[in-house]
Amino acid sequence: MSNPIPTPSVPAPDILRCAYAELVVTDLAASRKFYVDVLGLHVTEEDENQIYLRSFEEFIHHNLVLTQGPVAALKAMAFRVRSNADVDAAEAYYKELGCRTERRTEGFVKGIGDSVRVEDPLGFPYEFFFETEHVERLHMRYDIYSAGELVRLDHFNQVTPDVQRGRGYLEDLGFRVTEDIKDEEGTTYAAWMHRKGTVHDTALTGGDGPRLHHVAFSTHEKHNIIQICDKMGALRMSDRIERGPGRHGVSNAFYLYILDPDDHRIEIYTQDYYTGDPDNPVITWDVHDNQRRDWWGNPVVPSWYTEASKVLDLDGNVQELIERTDSSEMAVTVGADGFSYTREKDEDGTYRGEAAKGFKLGNQL
Numbered sequence: 000m001s002n003p004i005p006t007p008s009v010p011a012p013d014i015l016r017c018a019y020a021e022l023v024v025t026d027l028a029a030s031r032k033f034y035v036d037v038l039g040l041h042v043t044e045e046d047e048n049q050i051y052l053r054s055f056e057e058f059i060h061h062n063l064v065l066t067q068g069p070v071a072a073l074k075a076m077a078f079r080v081r082s083n084a085d086v087d088a089a090e091a092y093y094k095e096l097g098c099r100t101e102r103r104t105e106g107f108v109k110g111i112g113d114s115v116r117v118e119d120p121l122g123f124p125y126e127f128f129f130e131t132e133h134v135e136r137l138h139m140r141y142d143i144y145s146a147g148e149l150v151r152l153d154h155f156n157q158v159t160p161d162v163q164r165g166r167g168y169l170e171d172l173g174f175r176v177t178e179d180i181k182d183e184e185g186t187t188y189a190a191w192m193h194r195k196g197t198v199h200d201t202a203l204t205g206g207d208g209p210r211l212h213h214v215a216f217s218t219h220e221k222h223n224i225i226q227i228c229d230k231m232g233a234l235r236m237s238d239r240i241e242r243g244p245g246r247h248g249v250s251n252a253f254y255l256y257i258l259d260p261d262d263h264r265i266e267i268y269t270q271d272y273y274t275g276d277p278d279n280p281v282i283t284w285d286v287h288d289n290q291r292r293d294w295w296g297n298p299v300v301p302s303w304y305t306e307a308s309k310v311l312d313l314d315g316n317v318q319e320l321i322e323r324t325d326s327s328e329m330a331v332t333v334g335a336d337g338f339s340y341t342r343e344k345d346e347d348g349t350y351r352g353e354a355a356k357g358f359k360l361g362n363q364l
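If you read the sequence shown in numbering that gives the first Met the number 0, its first letter stands for residue 0, the second for the next number, and so on.
Since the hints were made in silico from the structure, they are not lab data. Note that CB positions come from ideal geometry on N, CA and C, so glycine has one too. Do not take every clue at face value.
[Stated by the list, open to error] EDC-like cross-link-like pairs, simulated, lysine to aspartate or glutamate; straight-line CA separation at most 20 angstroms:
id, residue 1, residue 2
1, Lys181, Asp26
2, Lys230, Asp262
3, Lys344, Asp207
4, Lys32, Glu184
5, Lys181, Asp13
6, Lys94, Asp36
7, Lys230, Asp36
8, Lys221, Asp293
9, Lys32, Asp13
10, Lys32, Asp238
11, Lys309, Glu220
12, Lys109, Asp314
13, Lys195, Asp288
14, Lys344, Asp285
15, Lys309, Asp276
16, Lys309, Glu322
17, Lys344, Asp182
18, Lys94, Asp113
19, Lys195, Asp171
20, Lys309, Glu183
21, Lys195, Asp276
22, Lys181, Asp207
23, Lys309, Asp113
24, Lys195, Asp26
25, Lys181, Asp285
26, Lys181, Glu343
27, Lys109, Glu135
28, Lys309, Asp293
[To be verified] DEER-style ranges, computed between Cβ atoms:
id, residue 1, residue 2, range
29, Lys109, Glu184, 42 to 52 angstroms
30, Phe58, Asp285, 23 to 33 angstroms
31, Val300, Tyr141, 15 to 25 angstroms
32, Phe58, Thr324, 24 to 34 angstroms
33, Lys32, Thr283, 34 to 44 angstroms
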């Protein structure tokens, strides 16, 4: 890790969970069709410039804001904190880090009160808030429950050049690592970090950044995800299914990645595991383990590694990218000389008489 981010002397805010994302979209009507008509998110309110959406079990005003704009990008990723005092703490914390901060007692979007937005040390627009308007929690409204119902906002995933540097910063902020991907040389390719006691509230993926890799919503069951695939197929939208369905090795969750009309990536996610104990063990995956990204060993399409959403600063300008100088996960596992294994320490291939370690050539991954 180069240029580590210093730890402020003031306390970090007590973050409860990831709460909402604000995405800039270039065609609000097309985005409404995708998120409401196809995915079934529930409209809290809307006007000609913004749509406020929430998941089935949510009681705060929204989990997703779609804002009309000229360039598709992430405008904010918001975390709820335990109290208004923690909004003060967040402001002080980032000011000591030398980051740009902006405080609005009336909130930056509808339904959210006193909050602070920051340009964090990794270049991401974070928001911290406690005050929020409560709305009807739909968790028992089975009369409107769809076959592919999205029930919770689960996590964000951020692309950043130096994962280890970002990991240290988020650990100082109070996040705990549940899983990571490394190689024998110690290079960190990705890390999963949580506050709410699941596998992650946000994750760091190595690459040119800052960029937003995806926003993830949970379903109750695997069959909900399969229904989304069937629905998108019936609507002749199968080209917007980027990857999956499948089961992750990391997180153990069942997953699907789809692209909205602006190519913002949305993950549909279910059935990860509890991580809330203070001594929850960290699981480290070898970058060459063929089952880390997909438990069944299925291919990871190149776009999943290379494409991601732009990120805005607090003035609405697109943040410049910083190039990753560490090894690329795609290059070391999918490149011409990249090998991934299925069975570690099976050097002679004695497992059922198959190839040693279950090696696959890189272009099969």
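Quick rundown of the hints versus the structure:
1. In summary, the hint linking Lys181 to Asp26 is not supported, as the alpha carbons are separated by about 39 angstroms, beyond the 20 angstroms threshold.
2. Only pairs whose Cα atoms come within 20 angstroms are accepted, and Lys230 paired with Asp262 is accepted, the gap being roughly 19 angstroms.
3. Distance hint between Lys344 and Asp207 is unfulfilled; the C-alpha atoms sit about 33 angstroms from each other, more than 20 angstroms.
4. For the proposed pair Lys32 and Glu184, the alpha carbon gap of about 46 angstroms is over 20 angstroms, so the pair is violated.
5. Among the hinted pairs, Lys181 with Asp13 is inconsistent with the structure: their alpha-carbon atoms are about 29 angstroms apart, more than 20 angstroms.
6. Distance check on the hinted pair: Lys94 and Asp36 sit about 42 angstroms apart at the alpha-carbon level, beyond 20 angstroms; violated.
7. With a C-alpha separation of about 11 angstroms, the suggested pairing of Lys230 with Asp36 holds against the 20 angstroms cut-off.
8. A threshold of 20 angstroms between alpha carbons decides the hint, and for Lys221 with Asp293 the separation of about 15 angstroms falls inside it, so the pair holds.
9. A C-alpha spacing of about 36 angstroms is found between Lys32 and Asp13, which places the hinted pair above 20 angstroms, so the restraint is violated.
10. This hinted pair checks out: Lys32 and Asp238 have alpha carbons roughly 16 angstroms apart, not beyond 20 angstroms.
11. This hinted pair does not check out: Lys309 and Glu220 have alpha carbons roughly 31 angstroms apart, beyond 20 angstroms.
12. Note on Lys109 and Asp314: the hinted pairing holds, with a Cα-Cα distance of about 19 angstroms set against a maximum of 20 angstroms.
13. The hinted pair formed by Lys195 and Asp288 fails the criterion: a straight-line CA distance of about 28 angstroms is larger than 20 angstroms.
14. Restraint check: the Cα-Cα separation between Lys344 and Asp285 comes to about 12 angstroms, which is no more than 20 angstroms; the hinted pair holds.
15. Proposed proximity of Lys309 and Asp276 is contradicted: the alpha carbons are some 35 angstroms apart, above 20 angstroms.
16. For a cut-off of 20 angstroms, the pair hint linking Lys309 to Glu322 stands: about 14 angstroms separates their Cα positions.
17. Straight-line distance between C-alpha atoms of Lys344 and Asp182 comes to about 15 angstroms, which keeps the hinted pair within the 20 angstroms bound.
18. A threshold of 20 angstroms between alpha carbons decides the hint, and for Lys94 with Asp113 the separation of about 17 angstroms falls inside it, so the pair holds.
19. At roughly 16 angstroms between alpha-carbon atoms, Lys195 and Asp171 fall within 20 angstroms of each other, so this suggested pair holds.
20. For a cut-off of 20 angstroms, the pair hint linking Lys309 to Glu183 is broken: about 32 angstroms separates their Cα positions.
21. With a CA separation close to 11 angstroms, the supplied pair Lys195 and Asp276 stays within the 20 angstroms bound.
22. For the suggested pair Lys181 and Asp207, the alpha carbons sit about 18 angstroms apart, so the restraint of at most 20 angstroms is met.
23. A hinted pair counts as satisfied when its Cα atoms are at most 20 angstroms apart, and Lys309 with Asp113 does not qualify at roughly 26 angstroms.
24. With a CA separation close to 33 angstroms, the supplied pair Lys195 and Asp26 exceeds the 20 angstroms bound.
25. In summary, the hint linking Lys181 to Asp285 is supported, as the alpha carbons are separated by about 5 angstroms, within the 20 angstroms threshold.
26. Straight-line distance between C-alpha atoms of Lys181 and Glu343 comes to about 15 angstroms, which keeps the hinted pair within the 20 angstroms bound.
27. For the hint linking Lys109 to Glu135, the alpha-carbon distance of about 16 angstroms falls within 20 angstroms, and the restraint holds.
28. At most 20 angstroms may separate the alpha-carbon atoms for a hinted pair to count; Lys309 and Asp293 exceed this at roughly 26 angstroms.
29. A hinted range of 42 to 52 angstroms for the beta carbons of Lys109 and Glu184 is consistent with their spacing of about 48 angstroms.
30. Judged by the Cβ atoms, the range 23 to 33 angstroms given for Phe58 and Asp285 is violated: they are separated by roughly 41 angstroms.
31. In this structure, Val300 and Tyr141 break the distance hint of 15 to 25 angstroms, their C-beta atoms being roughly 36 angstroms apart.
32. At about 44 angstroms, the CB distance of Phe58 to Thr324 disagrees with the hint of 24 to 34 angstroms.
33. For the pair Lys32 and Thr283, the supplied restraint of 34 to 44 angstroms holds, since their beta-carbon distance comes to about 42 angstroms.
Comparing the model with each numbered hint stated earlier shows that hints 1, 3, 4, 5, 6, 9, 11, 13, 15, 20, 23, 24, 28, 30, 31 and 32 do not hold.
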